[in-house]
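Undergrad: In case you want the letters, here they are:
Number of protein chains: 2
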Amino acid sequence: MQVFVIGNISVDETYLINDLPQKGSSIHGAKTHQDLGGKGANQAIILSRCGINTTLIAAIGNDNQGHWCKEKIEQERLTLRPNSPRDCRTDTSLILNCADGDNANITTTTAADALSINDIEQELLFSKPGDVVLQQGNFSHQKTEAIFSLARQKGLITVFNPSPVKNTFAELLPLIDILVVNQLEAQLLGNTADCILAAHALLNAGVGQVVVTLGAEGSMLLNGTGLTHVAAEPVSVKDTTGAGDTFLAVMLASSLLRQSSLAAIDLQRAALASSITIGRTGTLSAFPTQFELAQMLK
Amino acid sequence: MQVFVIGNISVDETYLINDLPQKGSSIHGAKTHQDLGGKGANQAIILSRCGINTTLIAAIGNDNQGHWCKEKIEQERLTLRPNSPRDCRTDTSLILNCADGDNANITTTTAADALSINDIEQELLFSKPGDVVLQQGNFSHQKTEAIFSLARQKGLITVFNPSPVKNTFAELLPLIDILVVNQLEAQLLGNTADCILAAHALLNAGVGQVVVTLGAEGSMLLNGTGLTHVAAEPVSVKDTTGAGDTFLAVMLASSLLRQSSLAAIDLQRAALASSITIGRTGTLSAFPTQFELAQMLK
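Chains as they are written, first to last, in our numbering: chain A, 1 to 298; chain B, 1 to 298.
Possibly wrong hints are sitting among the right ones.
[Unchecked claim] Not close to chain B: a few residues of chain A, all C-beta gaps over 12 Å, as computed:
| # | residue |
| --- | --- |
| 1 | 31 |
| 2 | 67 |
| 3 | 103 |
| 4 | 113 |
| 5 | 141 |
| 6 | 146 |
| 7 | 193 |
| 8 | 217 |
| 9 | 226 |
| 10 | 239 |
| 11 | 276 |
[Unchecked claim] Cut-off 25 Å, straight-line C-alpha distance, at most; resulting in silico cross-link-like pairs (DSS-like, lysine-lysine):
| # | chain 1 | residue 1 | chain 2 | residue 2 |
| --- | --- | --- | --- | --- |
| 12 | A | 23 | B | 70 |
| 13 | A | 72 | B | 70 |
| 14 | A | 70 | B | 70 |
| 15 | A | 143 | A | 154 |
| 16 | A | 23 | B | 166 |
[To be verified] Now the stretches of chain B that chain A is said to cover, found in silico as 3 or more residues with beta-carbon under 8 Å:
| # | segment |
| --- | --- |
| 17 | 102-109 |
| 18 | 143-155 |
| 19 | 199-212 |
Hint data in this document are derived by calculation from the structure and do not stem from the laboratory. Here the structure is a predicted model, which is why all the values come from computation and not from measurement. Beta carbons: idealized from backbone N, C-alpha and C, even for Gly.
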C-alpha cells in the first residue's frame, strides 16, 4: 500500500519587519528563516517519516530554489515525481512577520500550476487499488476534480484537505472518502456556522468520513458510526505553521498502519504530533522526527 | 590601478501582486524575476565590464542564495573578497510590484552588517596609493566613515554614492574626492531644495568633485573649474532599477581609462550606458554587456 500525495512544494521565506510597507516605500527587514514548505510537501514528508510508503507528485522549478527543495526532499524517505523540474520558477511563500506578531503571506503557484493532469496520470499508472490519493486545495477546481475522479476510477482511497479552500470545492464532496477540514473550511463547505451541523452536512453530501480540527478545542471525527471528540494536547505555542499538515499526516498514517478505518486513537496520536510542530519554530524544521513519530505510533 | 568597491550584494526577488497584502491575509502572487543586485555588486560588475581591475569587498551568507550569488559573480571579470561566506543569510531585496505599477521594497542588511572593518582592512592591504575606494550608503555611518578614513590614510581616491542616504553622511563630505548623488540626496546633504546651490554647498563642505544625477533632466558636474551640464539620452523606460549604478560606474570607468579627472565626456558616456539599463527589465540582466561598454568607451 502506498500514499500518493498530489500537491505543491514551496520555499517558505520568513521576513521580520516592523510593519507592512506602504506603496513607494523601501523598508529594512531581516530574513529570519528559509524552510521547505507547501502543504503537499509537508504532508508527504510527515507520512514518510511515519513509515508510510509515500510518493509526492509535485513540481519544482528549474532555478536554484528548486535544486534546494530537491536536496531537502532527498533527505527524506520519499519518492518525488516527476523527476525533472518544470520550466518555471519554484513556488515561494513569503511570510511577512510584523513586529506586532501579525503576518501577511504572499504565495506563488506557478510551479503547482505547471504540473499537468497528464503528468499526474503518468505517475498514477504505478498505483494499485487500495492505495491512497491525498490532495490539498492548491490546484484549480478542475484539476482537483480530475485527479479525484481518476483516483476513484482506479479504486484508490481519496483524502482531501481543501486548504486553501474554494467555495466550489463543495461540489467535490461525493468523490471524497476522508475529508479533513478546520473550522472555517467546515463552516464554508458545510454551509453553517455550527461545526457539528457542518460535519453532518459534509457527511450527507457524500463524504465517507469527516474530520474537523478545532485548534485548542481538539478535533472531531464523524462517520457512519457516530461522532468522536478528541482533546488537544496542552502546548506552549511557538509557531502554528504546518500544525494542520502534521495532524492530517499522522492521523492518516496511524490508521493505515493499524489497517483499520479512522478512530479516536488516530486523532489522539495526531494531536500529540501536532503539539510538537506547534512547540517549535519553522516548517520542515519544526516537524516531529522519524524517531519521535515511531514512539507515538507504537 | 584598481577600484575597490566596498558594499553589499543582494538577491533581488521581484513579485507581481495585485495589491500589497493586509495584516492577517494570504494573497497569491507570481515571482517574476530573481536577479543579482545590491548597489555594491551592481557598480563593481559594471566597472569590471568596462575593463577596470575591480575588487568587490562584500559579504554573502552561507545559504543557497549565497552560492548562487557567487556563481553569478564568478561569471564576471571581478575579484570577490572575502573569499568565504559569513555565517548568516545572504541579503535579499524583495520588490513587491503592484498591478498599478507602484512598488514596495523590503531589504535585508544582515550579510552587509556581518562584514567587519577588520575584514575590509585585511583586503585593503593589497591597495596602492592612487587606487580608488568606492562606497554606497548601505553600511552604518561609523563603518562608512572608518573605511573612508582608512582610504585617505592609504592615499586612495574616495568615491561616495550615499544611497540609501542618511542625514549624518553630511559629516563625511570632507573625506570624499568624488560624490555622486541624485536630486534628493543632493538636497538633503546640501541642505537646500535648489540642486545647483546644493552642489555648491557640497563642494564647499570639502568634496573634490560633485556629480548630481537629475533623471530625465540629465546630470551635472561641479568642481573647481565650474559647472558642466549633460543631457540625458532619450529612452523608453522599462525599468529604472540599477540605472544610477550604471551611470556612476561608467562615468568613473571612463575617467579612469582616460587617466584624467571627470569631464563632460564621462557623464555623456554614463548617460548612454544608463539608457541601456533603463530600456531593459531586471538588474544584472539589464546592464550593458562588456561589448556594448567597449563600444561606448572607445
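Undergrad: Hints the structure violates: just list their numbers, smallest first.
TA: Of the numbered hints given earlier, those the structure breaks are 1, 2, 3, 4, 12, 18, 19, listed in rising order.
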